[in-house]
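In order, the protein sequences belong to chains A and B.
With this note's numbering, the residue at position 92 of the first sequence is 92, and numbering never jumps.
Each number in this note's numbering corresponds to the 1-based position in the second sequence with 283 added.
These aren't lab readings, by the way, just hints derived from the structure by calculation.
We put the CB at the ideal spot given by N, CA and C, even for glycine.
Among the hints, a few may not be true.
Partner residues are not named here, just some residues of chain A that face chain B (Cβ under 7 Å, in silico) [what the hints assert, rightly or not]:
# : residue
1 : G50
2 : I55
3 : V57
4 : P99
5 : G233
6 : W264
7 : R272
8 : P275
9 : G277
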Amino acid sequence: MIEAIVEAIRLAVTRIPDDVVSALREAYEREENGVARFNLGNILRAIEIGRTESIPVCQDTGTLMFFVKAGLRSPFLGEIERAIVEATRLATEKVPLRPNAVDVLTGKNLGDNTGRGVPIIHWELVGGNEIEMAVLPKGGGSENCSALAMLTPGEGWEGVKRFVVEKVKACGGKPCPPVVLGIGVGGGADYSLLLAKKALLRRVGERNPDERIAEIEGELLEEVNALGIGPMGMGGKTTALDVKIEVAHRHPASFPVGLIVQCWANRRAFVRIKPDGRVEVWQ
Amino acid sequence: MAVRLRTPLSTEDVLRLKAGDVVYLSGEIVTARDSAHRRILSLPKEKLPFNPEGAVIYHCGPVVRKTHGSYEIVSAGPTTSARMNRYLDGVLDLGIRGIIGKGGMKAEPFRGRAVYFAFTGGAGSLAAKSVKRVRAVHWLDLGIPEALWVLEVEDFPLLVAIDAHGNSLYR
């Protein structure tokens, strides 16, 4: 089980998912200006090196986040948290990862990506006897551009669009565009941000199954790309590869919007642990 | 225009560059992020572990592997430079003539004395190909990402994103 989680972490940081690579290739074909092509060309070469040499594509291997769907009847329920922490330590040494966990008071980096509250684990208890988890290594530069807006219901969806577009504009090249935007609407302050982050696990190019939300995703993607920020903020047609919106019901007085900005290296991997101990790892 | 340059850079070297030029940089570069900048600016110039005159700082926290007692750079792309805006005047006053990073910085402090080179953020595996070896590492007490890594690079392909004449490629 620990080996499978290490393998998923390695996969996530060394191999950019196919859907993301396709979107980046299309962006490269679309761009005409030399600077945008310089950056996208470098991105595509870096992805290829990561894949063939099995090394981290980006040196910021992120804060490791795990979204666990834990089957109530899985025999491994009691072991999974320790396995995740141990796998994080092992992966830091073996992949290797950059040690990214720093004590907020002393500034000390213990060097193995574990510490108070990290790796971050989000639990969801589900039926069944399997455990499924997603690994999301989240980079700091893009996370620094994430934001929360507590809109009034009167501002509504127009307000959501305005907030997102203004935020992306203000961030310029800082989050490593072309970005993927995860947006959570409703639920409350904390929950909207959690929805936004989980939205990043969806494949690039895949729309929300609710057609009304899918339409807003498409409109926002167009508006963000019209900003012309371009790859690395130096101009171009592609500022975002995709926009993902997830929703929850809201309080009558509130219209929370969580925005998680993800860099072009929209990394992820998944692990499934069967009740007999067999494992599957995929992207 | 594409040019080959070697560190340390002279004022003439940087004044010749224009935003949009491609530079293949060789020689020594020194990584520094937030904590290292604070330490650089807290020390007298002669106490620094590198000579800042004409030097190039790289905003980077690499992934490293230690084998047989020596360090190897595995992945080493740039970090977001805007965080270092607050230290920019301070380091340029020390004689730094080039900064490599991503996302851009305030353009004005570079005028007449230095340039900002951009490398593609996230392309760490590609950047590592230009790093020939680790010459030294200082301040490891700050942690691996924040330490001062003295790197020897060869033909590191960079874009002049902010030149010494007030021009910037950033939108």
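Quiz prompt | Non-conforming hints, listed in increasing numerical order | solution = 7, 8 and 9
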